[in-house]
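> What follows is each chain in one-letter form.
2 protein chains.
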Amino acid sequence: MLGPRRGWQALRRCVSLPRAQREVRLRVREALGAREPAGEVKVQGWVRSVRSQKEVLFLHINDGSSLENLQVVADPSLENRDLTFGSAVEVQGKLVKSPHRMQNMELKAETIRVVGPCDTLAFPLKTKERHPLEYVRQFPHLRCRNNTLGSLLRIRSEATAAIHSFFQDNGYVHIHTPIITSNDCEGAGELFQIETSNEAREPAEKTHFFDVPAFLTVSGQLHLEVMAGAFTHVFTFGPTFRAENSQSRRHLAEFYMVEAELSFTESLEDIMQDRLEKTLKNKFVIISYNEAVEILKQASQTFTFKPEWGCDLQTEHEKYLVKHCGEVPVFVINYPYDLKPFYMRDNEDGPQHTVAAVDLLVPGIGELCGGSLREERLPFLRSRLQRLGLTDAYQWYLDLRKFGSVPHGGFGMGFERYLQYILGVENIKDVIPFPRFSHSCLL
Amino acid sequence: MLGPRRGWQALRRCVSLPRAQREVRLRVREALGAREPAGEVKVQGWVRSVRSQKEVLFLHINDGSSLENLQVVADPSLENRDLTFGSAVEVQGKLVKSPHRMQNMELKAETIRVVGPCDTLAFPLKTKERHPLEYVRQFPHLRCRNNTLGSLLRIRSEATAAIHSFFQDNGYVHIHTPIITSNDCEGAGELFQIETSNEAREPAEKTHFFDVPAFLTVSGQLHLEVMAGAFTHVFTFGPTFRAENSQSRRHLAEFYMVEAELSFTESLEDIMQDRLEKTLKNKFVIISYNEAVEILKQASQTFTFKPEWGCDLQTEHEKYLVKHCGEVPVFVINYPYDLKPFYMRDNEDGPQHTVAAVDLLVPGIGELCGGSLREERLPFLRSRLQRLGLTDAYQWYLDLRKFGSVPHGGFGMGFERYLQYILGVENIKDVIPFPRFSHSCLL
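If you're matching them up, the sequences are chains A and B in order. Oh and the first sequence: position 101 is 101 in my numbering, straight run, nothing missing. Oh and the second sequence: position 442 is 442 in my numbering, straight run, nothing missing.
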């Protein structure tokens, strides 16, 4: 056994080997961006192309750190039959200025080691082919090695980090709202229910693991409201779920939402301008639901669903509104009271009774964000829950209005739709690593 | 309707009002940290104490941006019966240097508006009381307004941001590994299964939403391996699930894991030193599983579970090992082959056959991290899966070894246990916003 001291020392030694003995490993991105030629370095990655000439062997290798490949120049004697498209290699050599205009640096190889060969005949990705996204979607375990998917996932990773930074920099507390919940926030029916696999096998003996039926969350909003009552500004960024039987290019059964909740907020504009303006940096239009219905009624176009006050806006309606407003993002505000969930703030208007809700429609996507002021007034909320027979289930939510309630509101943004929008990606299944939808849960 | 231009202009106006007209809202943290007295400001928050004297009224208010309260000094005429502990207030006034040593700034109130009163009799939190954590745990919707819980959740939020930054800064690509999966990674039985709520109600007509049985993930590792085969260094930080019937202070049914996967890694030390050393900045010991069993066998202590080569280390064993090594973190490496899942790399030793696995045990917690080298060699993996009858289910995983396989490994860290460890928090339920465990899924 290595004692505490000796174990530590042994590890320190590994970390602080003298420079000469340590191998310098570079990511492809670092190698490409190097300012100066470097001595002995090692670069690891997958072969993207092999070009063998009489005097020289050219390889392009990539390790997923960038879209661009690193050119490796080697003596033809280093070629071997395992050195094919898709194989994993370690190249030891010197980083030198490239004589070619197209690249900054190239690697003059001294040794090339194939650490993992690739059965190119069976490999569904082919060298130098531009595979359509539909094709690579069939291979969820390999498509990340495709240029387009690789880039999309790197951007998704950067966007994730940017969202965390944005809220952090603006004084928001991040909350991990629960995935498993005994609430059904939206009152919608399309929920996934959870049981232990034993219960699933022997439904006769059903006792719930949590004692009560439990579901996958459809939104972290109610839980965020709890936290906005302590931290004022909070956000969450996690998976949400809908058991919608949809194969559309805009829907997934598992998707990510950015949700924020702000206390001491008294107008929808606080939510629209302070937060989303910064997020989108784009022109946008504000219309009321009433105005939206009027626009739709006066449209020359015929809709499958006839526009009618009190009905939800359909995809065809959303598209028309965005077009009508000049293909810019459109906020629709103040929706019918009876159309929206119990927690939205009563506008106390009439006879067309509305709540302070807002949806953001964007070109090509439709609904990107939804938000509202929340009903902070105990009597309003109580009587609404009473009418819905939900007083017992939401006693805890009523409590929040009893002990220092504040005017507050928030919004949620579908992260995949956001990526589709900013990147112009047609199908939502291409901006998420492992898409889940009805009839499909690969891997 | 506001046209595109007018709508935009209207919003711009709200954002860029001349300074005199705009109210300056300060968070409590900003007010406390102000260098200079400021003119008219507004601070919003919840009342933490009210002290009424003949000549002056003192309030302490807090908005969750810091542990410290802001002192408000007001004329006694501003007092009213709604101004109680727990009520939500907006205070308009001037920020001035405080004459007291204990604080930097205080707010001289001109107006105090109670926006949300608090029924103090019914409110389970009481002014100036140090409620035990067990007590506040009963009120998942209110406990975040307790000082201790509030601080823990702020630290959790900071730690979350730090983990994202750390990996981002070190060139890792963040991957949202799926929550719903058709795999059972660990081969363990303690899974949650998912069905639509309709299926749950009418199990007779059971057809799966995804066509196949689907489960909540127990680990993102296998999916990370897919991605490590494209991006070299990847990580995920998301919820994982175990349907363990445990009420222990170390277990939750829903918890968060930080998991990383590194390609082109050939030794366990790469995983232990490069990554975890930075994370923990602490002395640690490395012992093999064989050595661990010898230590346990020679212990004077009697264990409930007799230590035996080939058996899993129990909590009592882990505790003893940590104590034996001097109450420092202990890596245990090279576990019995038959004890570990199929994906761990065969050490090809014997007669005590092991795999390149590592667990990190820490004082007070036990297992904090687990990692391994993954079996990258096709023949080894294939024969192991064959023996387990899993070749068909893991054809995609075998594929990863066929097309440019690389030596790789990774680890996972329980985020709540990490928080328990660095903060010295006894019960895991106090470092997560909404704990879920058997018989309990509140809210």
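If you are wondering where the hints come from, they were derived from the structure by calculation, not from laboratory data. Please read all numbers here as calculations on a predicted model, not as lab measurements. The reader is advised that the hints may include incorrect statements.
Copies of the same chain are indistinguishable here, so a pair counts whether it falls within one copy or spans any two.
In silico DSBU-like pairs for lysine-lysine, Cα to Cα no more than 30 Å straight-line [said to hold, decoys possible]:
| no. | residue 1 | residue 2 |
| --- | --- | --- |
| 1 | 97 | 319 |
| 2 | 319 | 108 |
| 3 | 306 | 402 |
| 4 | 402 | 340 |
| 5 | 94 | 323 |
| 6 | 306 | 94 |
| 7 | 319 | 283 |
| 8 | 306 | 108 |
| 9 | 128 | 402 |
| 10 | 94 | 340 |
| 11 | 42 | 94 |
| 12 | 97 | 340 |
| 13 | 402 | 108 |
| 14 | 340 | 54 |
| 15 | 283 | 54 |
| 16 | 340 | 42 |
| 17 | 340 | 126 |
| 18 | 94 | 283 |
| 19 | 402 | 319 |
| 20 | 42 | 97 |
| 21 | 319 | 42 |
| 22 | 97 | 306 |
| 23 | 126 | 402 |
| 24 | 402 | 42 |
| 25 | 42 | 323 |
| 26 | 126 | 283 |
> Can you give the numbers of the hints that this structure goes against, from lowest to highest?
Structure breaks hints 1, 2, 3, 5, 6, 8, 10, 12, 14, 15, 16, 17, 18, 19, 21, 22, 25 and 26.
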